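> Sequence:
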Amino acid sequence: MSRVRGFILALGSVTLVSAAQLGMRWSMTRLPLPADWMATVDNGTLDLVALGGVTLAIFAYALSMLCWLGALQHLPLGRAYSLLSFSYALVYLLAAGLPVFNEHLSLSRTLGVALVIFGVLTINSRRISTTRQRKTP
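Under my numbering, the letters of the sequence shown match residues 549 to 685, in that order.
Quick caveat, the hints were computed from the structure, so don't treat them as lab data. In this text the structure is predicted, and so the values were computed from the model without any measurement. Each hint should be verified, as a subset may be incorrect.
[Claimed, not checked] FRET-style restraints, in silico, Cβ to Cβ:
| id | residue 1 | residue 2 | range |
| --- | --- | --- | --- |
| 1 | Gly645 | Phe666 | 17 to 23 Å |
| 2 | Asp584 | Val552 | 46 to 52 Å |
| 3 | Ala610 | Ser656 | 23 to 29 Å |
| 4 | Tyr609 | Gly667 | 20 to 26 Å |
| 5 | Val648 | Ile606 | 18 to 24 Å |
| 6 | Tyr609 | Thr577 | 31 to 37 Å |
Glycine included, every Cβ here is placed at the ideal spot set by N, Cα and C.
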């Protein structure tokens, strides 16, 4: 049961950090550079929705970290860290699949994501014992 809880927390962390990445990307394409914020505040052109998106993304990062700390209590380190790789795949697939991000699928990136997913599944699958009992003469 502890391992299941660890996987759930790790996948919650992956989901939250992926949402945070996408939220940051969306928001930062609508906001000026931080050095220019005072000028946009003065002339009233600061996009408050995008600023709220950054705030929500930071909150998602914080929740992700709490989930991650919980996952580390229940999973071996090697398995836990491999699960973080799912966030790369999730962000790529969502950014390419949602028109608001204007990202494009490419064969090489998609193959790379498939390899990452295959690697994570391999690391986290049940271990198959390849050692055989040797009979001593």
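> Which of the stated hints cannot be reconciled with the structure, identified by number in ascending sequence?
As far as the earlier hints go, 3, 6 are violated by this structure, in ascending order.
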